[in-house]
Amino acid sequence: MMTSLVADKPAPRAARFNVAVVLMFAVLALAPIAAAFGPESYVLGLITRVMVFAIAALAVDLLCGFGGLVTFGHAAFIGIGAYTVAIAGAHGVTDMAITLPLTLIVSALFAYVTGTICLRTSGVYFIMITLAFGQMAYFIAGSLAPYGGDDGITLPARSTLFGFEVFASDRALYYATLGFLIASYLLCRAVVYSRFGRVFRGARENPTRMATIGFDVFRFQRVGYVIAGSIGGLAGFLLANTTEFVSPAYMSWQRSGELIIMVLFGGLGTLHGAIVGAASYLLLEEGLAGLTENWKLVFGPLLVLVVLFARGGLVGLVTSIKARFSRD
Amino acid sequence: MTDAVLLIENLRKSFGGLVVTDGVTLEIGPGELHAVIGPNGAGKTTLIHQISGTLTPDDGRILLNGTDIMMLPPNERAKLGLARSFQITSVLPRFSALENVALAVQARDGSSYRFFGRAAAEKELNDQAMAALAEVGLDHRADIVAAHLSHGEKRALELAIALALEPKLLLLDEPMAGTGPEESERIVAVLKKLKGRFAMLLVEHDMNAVFALADRISVLTYGRVLASGAPNEVRNDPAVMQAYLGEELE
Ligand SMILES: Nc1ncnc2c1ncn2[C@@H]1O[C@H](COP(=O)(O)OP(=O)(O)O)[C@@H](O)[C@H]1O
Ligand SMILES: [Mg+2]
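Protein sequence lines, in the order shown, are assigned to chains C and X. Heads up, the first sequence stops at 332 in the working numbering, and the numbers go up one at a time, no gaps. Heads up, the second sequence stops at 659 in the working numbering, and the numbers go up one at a time, no gaps.
Isolated chain C (complex conformation) (with noise of 0.2 Å):
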């Protein structure tokens, strides 16, 4: 099974800052200009909240995809994100040279306090165990009675930068969090392929072997934990911008699931897969969603049929079909 994962023989090289990547960033940061054609504001809207899931799901598939570590947990770093800004605003802090740090570090910590524990497991018992903190998480934000409980809360604005009111157009949001979202992959591109990466990405590979030579797998697994946090809670960051409201079900396990999906769905261990699996699922949703009520009859198959025939998600099936057409 594990020898089936393996493309072809010569290891592949890392893959290049493939054209399809340059395309994808070069489509959304034109898309506002198409978007004043039509619906200008849904449409931004709507492209911003991909941006933003995608965000998420890059985490997901550095922990999943090369970490080898399925993490059903990770919409709590979207709800602590989202939650350390309705918070600082309802005390009036709303300037982002504040709370965006403070983002980072509050969904750092946490990652760091709930990883030291979720990895002393592995498999099986690490999805259970994160889905547990994830619902802690969750609970714990439905009971915050004086930040709205179950109802969650409405911002009082978006985040200001040094007061100035960056965000106050949603094209200036749009473009903030498209950054972002560059900015994120690339990130996680650097880690992947770093010494740091090439230990995180061993450790699923090997961790008995990778212990025998030296390594304290657990520690940089935690690292990359706490990386993934933080890009987490970004996300959260920029969505209770988005949304310009919070609520616990950011944080449901419905929402950790969704992320997992959009990976599997847009190709494991790509990265950009992330990214293609956040805006098929929630543009699918959003398409599917206006036809029938029962839009996930109809998606939950399409997923199915993707997983077993395209073993590499979207991505991988253009991979493949890509290589067909170069050998004839």
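Think of the hints as simulated: they come from the structure by calculation, not from any bench. Zero decoy hints are in this set.
Across the chosen pairs, the derived CB separations fall in these ranges: (1) X:G526 - C:A253: 39 to 45 Å; (2) C:A101 - X:R606: 54 to 60 Å; (3) X:G519 - C:E289: 45 to 51 Å; (4) X:P439 - C:G261: 55 to 61 Å; (5) C:N22 - X:E485: 38 to 44 Å.
Which stretches of chain X does chain C cover? Using the computed rule of at least three CB atoms under 8 Å from a CB of chain C, they are: (6) 486–494; (7) 497–504; (8) 514–524.
Positions of the beta carbon are idealized from the N, C-alpha and C atoms, including for glycine.
Given the coordinates of chain C, work out where chain X with the ligands should sit on it, guided by the hints.
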């Protein structure tokens, strides 16, 4: 006594009621190749697991260059200069042969909390990894994913990983297990070349290899050291002949 690279004293380990290591005492000097032989189930692999730290002994002492390593996790033992190969091949299947070894170089180099810069492009790591691959005759296969190497090549790769760690003590658990006669010969040749560079503990069933390589031999049965000494002494030990080697050596 004090200059022993590895000193094991009165090591004990049991799984439930089954005693697999029964008061083993063993010493390996600098540059010495010490072979441990014995029938299947004698407790050889379990002994190696305890030395490398993947299993915890119930009792006894393990000293590496005078340092008590009994309580250290495997990664810290590795940092002190302990390397091992596994009876069942244990490499990183989706990494190339070169990356498998470069990772070992990286482990020894000591700075793996680097988050930027492509590790695979680091010449220093790759050159050293290449040198280790060349020593086991695997340099021409450097770019092949480990999962696609032949069984014998994987055994050689394990050896290269161990070499790249520049160990003070190398534990080899049946490095020739499952390889063809040609590959076995190649591995024996490599081990001959390495002999003396660092201390080695070799577990092996191939008696020709053992007698060709070992400075000392210990015979293990039912977790106990039945005899220990120079190859000739062990070969002629009546208890050994009766219990284990018997007709094989006639
Ligand atoms: N994890 C374990 N739990 C229980 N019994 C074990 C375990 N590992 C090994 N054994 C038993 O310990 C004995 C020694 O095994 P091992 O050290 O692998 O022998 P050898 O390497 O000499 O063939 C065998 O009887 C084996 O079945
Ligand atoms: Mg064995």
